[in-house]
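Anchor point for the sequence shown: position 55 equals 55 in UniProt numbering, and the numbering is continuous, going up by one each time.
Simulated from the structure, these hints should not be mistaken for lab results. It is possible that part of the hints are untrue.
As the list claims (entries may be wrong) - Mimicking DSS-like on lysine-lysine, the simulated pairs with C-alpha atoms at most 27 Å apart in a straight line are:
{"#": "1", "residue 1": "LYS178", "residue 2": "LYS109"}
{"#": "2", "residue 1": "LYS178", "residue 2": "LYS282"}
{"#": "3", "residue 1": "LYS212", "residue 2": "LYS227"}
{"#": "4", "residue 1": "LYS69", "residue 2": "LYS88"}
{"#": "5", "residue 1": "LYS282", "residue 2": "LYS169"}
{"#": "6", "residue 1": "LYS169", "residue 2": "LYS97"}
{"#": "7", "residue 1": "LYS88", "residue 2": "LYS227"}
{"#": "8", "residue 1": "LYS229", "residue 2": "LYS109"}
{"#": "9", "residue 1": "LYS276", "residue 2": "LYS212"}
{"#": "10", "residue 1": "LYS212", "residue 2": "LYS169"}
{"#": "11", "residue 1": "LYS276", "residue 2": "LYS227"}
{"#": "12", "residue 1": "LYS69", "residue 2": "LYS227"}
{"#": "13", "residue 1": "LYS229", "residue 2": "LYS97"}
{"#": "14", "residue 1": "LYS178", "residue 2": "LYS229"}
{"#": "15", "residue 1": "LYS227", "residue 2": "LYS74"}
{"#": "16", "residue 1": "LYS212", "residue 2": "LYS178"}
{"#": "17", "residue 1": "LYS74", "residue 2": "LYS282"}
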Amino acid sequence: MFFDLNIPIPLSSFPSTAQSRKGKGKQTNAETPPASVFSPAQVNALESRINLLLQLGYTVLAFNQVVHKKVDPKSHCNVLDSLLPQLKHRSGVIFLKRLTIILDEDSEKGFGLINANIPMFNSYDLISLLPTSATTFSLACLTHSLPSQLTAHIISLPLTLPRLPFRMKHTLIRTALKNGAVFEINYIGALGGENDPCLVNADAAINDSSAKRNWWAASRELCRVTKGKGILVSSGAVADADLRAPRDIGNIISLLDVPQNTARDSMSTLPRSLVKRAETRKTYRAVLSEPRVVIPEGPSQPKLNAPVTVTPLSSAHNGANLRADIAVHDIIAEPQGGSECGPTNERDGRSGPVEISRTNGQKRSREDVEKQAVAAPVDNETRKKKRKKNKDGRGLTVSTSGAGS
1 MFFDLNIPIP LSSFPSTAQS RKGKGKQTNA ETPPASVFSP AQVNALESRI NLLLQLGYTV
61 LAFNQVVHKK VDPKSHCNVL DSLLPQLKHR SGVIFLKRLT IILDEDSEKG FGLINANIPM
121 FNSYDLISLL PTSATTFSLA CLTHSLPSQL TAHIISLPLT LPRLPFRMKH TLIRTALKNG
181 AVFEINYIGA LGGENDPCLV NADAAINDSS AKRNWWAASR ELCRVTKGKG ILVSSGAVAD
241 ADLRAPRDIG NIISLLDVPQ NTARDSMSTL PRSLVKRAET RKTYRAVLSE PRVVIPEGPS
301 QPKLNAPVTV TPLSSAHNGA NLRADIAVHD IIAEPQGGSE CGPTNERDGR SGPVEISRTN
361 GQKRSREDVE KQAVAAPVDN ETRKKKRKKN KDGRGLTVST SGAGS
């Protein structure tokens, strides 16, 4: 499964704000998008591009809507909501909605990514930031990559500019990767093709002869800083002739000192985990499924007439374990001879059952065992008192025969 998470949408007549230099402009009410934003010719061109991407091997496609400077809820319109219903349904193909915000110096004070606009951003599957200044790049890496309902999981870079407007510091890059963000590389720059007109109008990309050289230099620097980790490869192509198969793009990315398997994962494994992580923006505490409580069943009742299997002690235990088990439970000897009461006790001459202790091999009567059990607590108390006297240093000597000295 291969992903292409940057398919530019054609320019449409969706409502926009006429911004002036001071940032003031007439705002149009765009709460409800118009029924027909794109012309039939634009929809047909997009359909042919989707068919070509499917033939190349892509199955997950993300349509990208670009916004410059700031997202204003009073004038912003999600044109993808009206575009996707106009496309043909294809089995096994997933369409995603992506929003890219181009950040410049005017966006440093705020660009609409606040809690009050969460319902508006929840209509998009992916949120991307394209910083064009050092301050906005720091904000994208440190602040807006933290897990929240407004997390920007994709950080796109203006790789075709003659020089990057900021330095890619190791601390910023590592922090963004640790937070789960990825850095996007559009392979359209490596081919020298036409970039998205929205990026060109916002001075975030160029279409001249030096764009290809600039892309290779900036992309190599990005791969060096990230060490090939967290690199997302997308097309960003406007023309159908600039689209390439995933394996061809893997060969191009491998020229940036990136291993071949990493270049392949940048279009398959990494985007898949990115999309799953982006779904957590719309869930509570990043829970993706409803937990199901499973109550375990009670213990099964034994059958009444079930056969009982007896294991001999000689086969179940070895010699040491057998001796320890028998020492706990005394065994009563079976009656011998013709007497019903068993053999005669050697100590008192009375007939009765004889208890045999396997620990020392001596024979003891039942009465001796009972006397020893009754006298055991008394002996323990006596020993404790004697130990206490010896600790006090009274110099008392206790004989073993029971007489005190």
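Each hint, compared with the structure:
no.	hint	verdict
1	LYS178 to LYS109	holds, 25 Å
2	LYS178 to LYS282	holds, 21 Å
3	LYS212 to LYS227	holds, 22 Å
4	LYS69 to LYS88	violated, 33 Å
5	LYS282 to LYS169	violated, 31 Å
6	LYS169 to LYS97	violated, 30 Å
7	LYS88 to LYS227	violated, 40 Å
8	LYS229 to LYS109	violated, 31 Å
9	LYS276 to LYS212	violated, 33 Å
10	LYS212 to LYS169	holds, 24 Å
11	LYS276 to LYS227	holds, 23 Å
12	LYS69 to LYS227	violated, 31 Å
13	LYS229 to LYS97	holds, 25 Å
14	LYS178 to LYS229	holds, 11 Å
15	LYS227 to LYS74	violated, 42 Å
16	LYS212 to LYS178	violated, 30 Å
17	LYS74 to LYS282	holds, 22 Å
In terms of the numbered hints stated before, the structure departs from hints 4, 5, 6, 7, 8, 9, 12, 15, 16, listed from lowest to highest.
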